[in-house]
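Participant: Sequence order for the protein chains is A and B. First residue of the first sequence: 1, per the working numbering; consecutive thereafter. First residue of the second sequence: 1001, per the working numbering; consecutive thereafter.
Be a bit skeptical, because a hint or two may be false.
Pairs of lysine-lysine residues, derived as PhoX-like cross-links and limited to a Cα-Cα distance of at most 25 Å, are as follows [claimed, not checked]:
1. 1123/B / 1067/B
2. 325/A / 1029/B
3. 2/A / 1071/B
Chain B side only, calculated, beta carbon under 10 Å to chain A, not exhaustive [stated by the list, open to error]:
4. 1041
5. 1045
6. 1160
7. 1162
8. 1216
Sample of chain B residues lacking proximity to chain A, with all beta carbon distances greater than 10 Å (derived) [unchecked claim]:
9. 1012
10. 1023
11. 1025
None of these hints come from the bench; they were simulated from the model. None of these values were measured; they are calculated from a predicted model. Virtual Cβ for every residue (Gly too), placed ideally from N, Cα, C.
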Amino acid sequence: MKNSDLLHETYSALSANKARSGLTMLGIIIGIASVIAMTAIGQGAQNSVSASIESIGANLLLVMPGAVRTFGGPSGGRGGAQSLTVADADAIASQVSNVAGVVREVSAREQVVGTGTNTNTNIIGTEPAYLPVRNVAIDEGNFITDQNVASGDKVAVLGPTARDDLFGAGATGVVGQTVRINGGEYTIVGIIVAKGGSGFSNADDVIYVPYTTAQRYLSGNKYLSEIDVQAVSSDVATLVQNDVTTLLLTQHNISDPTKADFNVLNEASIIATASSVTGTFTALLAAVAGISLVVGGIGIMNMMLTTVTERTREIGLRKAIGAKKSDINKQFLVEAIMLTFIGGVIGVILGWLISFGVTQLGILQASVSLSSIILAFCVSAAIGIIFGYYPARRAAQLSPIDALRYE
Amino acid sequence: MIEIKDITKTYKTGDVEFQALRGVSFIIKDGEFVAIMGPSGSGKSTLMHILGALDNPTDGTYFLDGKDVSKLTDDELADIRKDKIGFVFQSFNLLPRTTVLRNVILPLIYDGINPNEREERAKKALVLAGLDEGHFLNLSNQLSGGQIQRVAIARALVNNPSLILADEPTGNLDSKTSEIVLGTFQKLNKELGRTIILITHEQDIAEHADRILFIKDGLLEHREPHIKRIAKN
């Protein structure tokens, strides 16, 4: 039997019972579509987490007070211990090599009053180097200057969300007005460019002031809540991390590294941890989708077995006019593969549409990878072979006499 | 030429053995039109299966065109059926929802004949079987019983078989249509020299053949030819 004839026979067999073929295919369509969509969404989540971590700045090391934590994001809150000082930051800047920038930070959460409205937001006391190190850009006005830091001026730079909360969404002409933080009156000197709120916390819901001002009026002590160290390249990030750790241990007179009263987080390791979490999540989603694919495959087998029983006479006739076992086997196997293959194509399109819809709705930037499409095709063809094999074999083994006699 | 010698066939169901054929021998020459007649349970269906290379005999030999086909494998039997035998069944066994032409082409598909040639051959066979050209592209379930059986005859003819084997071909047809179908067989036999074996349990159907083999309880009965003539009167 020629291949073109095989396809013709398959087509007429499948189109003879369109409703049943369609419903059977639906199982595969849903299975493949969910595998595609789930992996796309999982991949999207992974990308978005990585992107939001990277957006806090490149090659960044975060020095936090307190004991070592296994996982910590860039959430500002002050650590349990007060152990980092301005002197520590100065020492890092002067003694550790391969450092591109050091930023002192004092953070607090305060009630802030604008024109009649008030909000509770993050206050970060910092210095000019914050802009390049943390990858922040100014939208309007200026950032805190060295002069502001030196003299402890009461100036504030607002994040877009903080501005919206205090002055109304998209308010203009905010620069030059004042806000009250913890009873003190601060002049607004600038607004930063929105970074986007996805990820762990909203990076736009923030107010920056000079760190000296924050120490004097908000925290009331000489400690820092965080020191950001930017390595010159990602290659030396780990080296810088070790150097900073060694230096601070000396500074704090601690001989046993396990008793350190600070910890140094490497951005790369944060991304790795977050990626492994989202990776597990993706695998879980794909596994659930994979189960539905197997169920779809069983549906194919069920239909093919029914078909073989229904077409027993036809099989008998084909054998009587000269079809070999292998001809019958091939015919039924190709029918099953055709079902799963067409189902696979439709499933890929549907899965892609779902991912597209998720992206369009702004839920997540889902990304359909070529590898998942190829995998889906291979899996659907494999399911056709696996679940079509047994029914096809049953058909091929039928004796022509019994098959012709079958009522 | 068909040469059957001491054919036996035993069916086993658990411990029970049933001997459907108990040593049948005969020769059918090329171009003969032979009817095999017998009551139900006589073994004529079993004989038909063996003649049609659908089954192997338990014992004995079966030479078809000089080739021993009594001990072949399933696939070798399939090849014999493909090349040398054409079947016409009582229940027609056309593929439903498939055109007449496609039904007749079907045996040639398994033979790997190319599309143009097989369409030519199928059309020729349909004309020989006496079907109007206007019906060639009809679906098989749109035809009358007589037309369907002609399509089945055309399908049996299309591979130029050495032997056409008709198993109760008129069993599902009324007497008028039966006459037409039997006339077609006679025509194929007389004008084209086809070897035809007709299996039936009805005397008047069997009498359309040149020779009748009677089978009863798995054995051939030797009846004198004139019995046929007496019975007709």
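Participant: Please write out, lowest number first, the hints stated earlier that are contradicted by the structure.
Facilitator: Violated hints: 1, 2, 3, 4, 6, 7, 8; rest satisfied.
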